[in-house]
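Undergrad: Letter by letter, the chains look like this.
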Amino acid sequence: QQQVKQSPQSLIVQKGGISIINCAYENTAFDYFPWYQQFPGKGPALLIAIRPDVSEKKEGRFTISFNKSAKQFSLHIMDSQPGDSATYFCAASLYGGYQKVTFGIGTKLQVIP
Amino acid sequence: EAGVTQFPSHSVIEKGQTVTLRCDPISGHDNLYWYRRVMGKEIKFLLHFVKESKQDESGMPNNRFLAERTGGTYSTLKVQPAELEDSGVYFCASSPKQGLNTEAFFGQGTRLTVV
Chain A
1 QQQVKQSPQS LIVQKGGISI INCAYENTAF DYFPWYQQFP GKGPALLIAI RPDVSEKKEG
61 RFTISFNKSA KQFSLHIMDS QPGDSATYFC AASLYGGYQK VTFGIGTKLQ VIP
Chain B
1 EAGVTQFPSH SVIEKGQTVT LRCDPISGHD NLYWYRRVMG KEIKFLLHFV KESKQDESGM
61 PNNRFLAERT GGTYSTLKVQ PAELEDSGVY FCASSPKQGL NTEAFFGQGT RLTVV
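Residue numbers (this note's numbering), protein chains in the order written: chain A, 1 to 113; chain B, 1 to 115.
Certain hints may be false.
Stated by the list, open to error - Selected chain B positions facing chain A (in silico; Cβ < 8 Å):
1. G28
2. K41
3. G107
What the hints contain is simulated information worked out from the structure, not anything from laboratory work. Predicted model only: the values in this text are computed from it and were never measured. Even for Gly, the Cβ is constructed at its ideal location relative to N, Cα and C.
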């Protein structure tokens, strides 16, 4: 049973465009929703995270939108750059991330010049 | 400061053999986690150590997997005997003591191939 569903699994965006990755979760007890960025040969690295008491969080070109009633959240990458090409994982956790993280399947993003 | 380090980076073993993966967490991090990503699937939780104690091992696939964390420092994950379905990338992560916004830092992973 996949508790965090992520789409699309692959995404090609032109440089300067907006990349959008969507996720949905089932467990309403989740209280921490991080996004991880992974480059080839590296481990996932925390990119940005949100808690369910806010509807949006922005850090630079990266924005998380969160819809608690729909149990959905999404990552928007504005002005996408070739250096953003990586695999992105949405995730969810309990107790502020202290406990195990449940990951989505991942989205391989390619930003073409 | 050194990050989370995993050894080896790659391992190719035959079915039935034993393999031991090692993880060195960030110094001072009480929490250590093991995850695994099978090709084409999501990253899945295996277990969580708090210091030397197993806090949660609900994700361990079966008794062929044994994880230890001696003295609350480095951790090993042994697979014995390895099966074809054990192939995947094994990630280790560590984080400080419990608290809000406790980011977990991941190692680069060990790619295990069982042939």
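Undergrad: Which numbered hints does this structure break?
TA: 1
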